[in-house]
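Line by line, the protein sequences give chains A and B.
Heads up, the final residue of the first sequence is numbered 362 in my numbering, and it's a clean run with no missing numbers.
Heads up, the final residue of the second sequence is numbered 526 in my numbering, and it's a clean run with no missing numbers.
Derived from the structure by calculation, the hints contain no laboratory data.
One should not assume that every hint holds.
[Claimed, not checked] Which residues of chain A face chain B? A few of them, derived with a C-beta cut under 8 Å, are: (1) F152; (2) T207; (3) I243.
Note that the Cβ used here is the ideal one computed from N, Cα and C, for glycine as well.
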Amino acid sequence: MTRNFYTLFLFIFCCSFTALAYSNNKIENSKEDDFDVNEVIMHHIKDSHDFHILDWNGHPVSVPLPVILWTNEGLVAFMSSEFHHDDSGATVVKRKKQAFVKFHEEIYYAGNDKEGKYIQLDSSNHPINDKPLDLSITKLVFSMFLSIIIIFIIFILSAKSYARSKKGEPSGLGKFTEPIIIYIKDEVALPLIGEEKHEKYLPFLLTIFFFIWINNLMGMIPFFPFSANLSGNIAFTGVLAFITFVITTLVSNKHYWKHIFWMPGIPVPMKLFMAPIEFLGIFIKPLSLMIRLFANISAGHIIVLSLISLIFIFKSIWVAPASLLFSVFISLIEVLVVAIQAYIFTMLSALYIGSAMEEQEH
Amino acid sequence: MDLITPDVGLLFWTLVSFIVLYIILTKFAWGPILGAVKEREESIKQALDAADNAKKDMENLKADNEKILNEAKIERETMLKEAKEIKSKLISDAEEEAKIRAKKMVEAAKTAIQNEKNSAMNELKNTVVDLSIGIAEKLISEELADKDKQLKMIEDILEDSKLK
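Just chain A, same shape as in the assembly (with noise of 0.2 Å):
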């Protein structure tokens, strides 16, 4: 055990040298501006139309990704890479007769050309332009379309190797796969939704944890084409919640809205108070999972980027050790932590929509 530590301090330690290596070159080059470490981190965290892998001598290298646009002339469609990574508004993208300029990775109808200037700003900086449809192909839809493959080999694999078998028993990635779908299916689905039912929403449980746990495990690997954090966006973790809820309110039966409404076995009073409480909880409850898994696996990245920023923060090399010793400590966490969040998730689903379905017993 202590070996073991020793080794991984010795590992870090020569890994904090190279790295420290290349941020001393990234220091000098750009000594004039400093180092602004909520923007790196908020660019890292929030979604993007390319996707960024490095910068090469001050040149930023990245991957273009389709940008789809819903215009009012129709669709429209061409690679980031015209916007020559501009994200000022300079740059103008010009389509059936119209003009497109990227602001802070939002895609606008390039205004007026006054001065040089296609944003209009209002007194708060924020852009007065309109927007098309974006329904881009951007950094996180990439990174889930490549979930989306990972996931699919996984288990089409997964599910080939039972019909090698002789007698239903898994082999290779089966034997890896099978433990975690028949601990989703005793100990989340067949407890919480019940004996009969369980069998019919199984296949969602199954779908969103992994579609979660692979996402988050996806976040963290730190290099292209990983390290997206699509779990830690919203909008990805809103979808899942809405779907949650419109199947909880699907298959909610009258017990359920009795139990909301008219609360029984309580006083009348106590009944009036507890009604409205109770209806907004019917929103509050996907809301918590959407908030609960945005906010963990954003704190996450975040987490990580800060301590590998304090090398930057302090421009000191003898920073190094400790922050990525910390980080890597975090990272370990994390893989905890991602792994726990799509149970959570997984598992509030499942009780929601067990407790919808509920029979009257009690």
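Following the hints, put chain B in place on chain A, whose structure we already have.
For chain B alone, coordinates are given in the frame of chain A:
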């Protein structure tokens, strides 16, 4: 503020992706995997049930065996008892018969002896009579010469001839 404003594009793609993922996984992954798991669970349950049944059958068989053994024991005992009875009856019957036969034989022998005795007696009588007559003849022929003697002799003979 940007951080908590959902993007319409991402909302759209997430929804589409999730639905596609759900449909394809349900068809090609969850279906076969859960089916196989369920089948296996059922086969395990069946195997356990079968083992239980076999155990019960074994127990029944054992009980049956014991029952048969007990029956056989009882039967053997009754057979032995019967055989003993038959034996003793046979023996007693034979003894009885032997006794009766012996008795009969003894009686037959007795009658035969009596008969023989009677006939021997008769024969003896006849012989004695013949002998006596012969002697008498001789004597008479001799004695008859003397009258007195004749008479005396006749008297003696008559007296002696009273045989017992």
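Against the structure, the hints come out as follows:
no.: 1; hint: F152; result: holds (7 Å)
no.: 2; hint: T207; result: holds (5 Å)
no.: 3; hint: I243; result: holds (6 Å)
Going down the numbered hints, you'll see the structure goes against none, and every one checks out.
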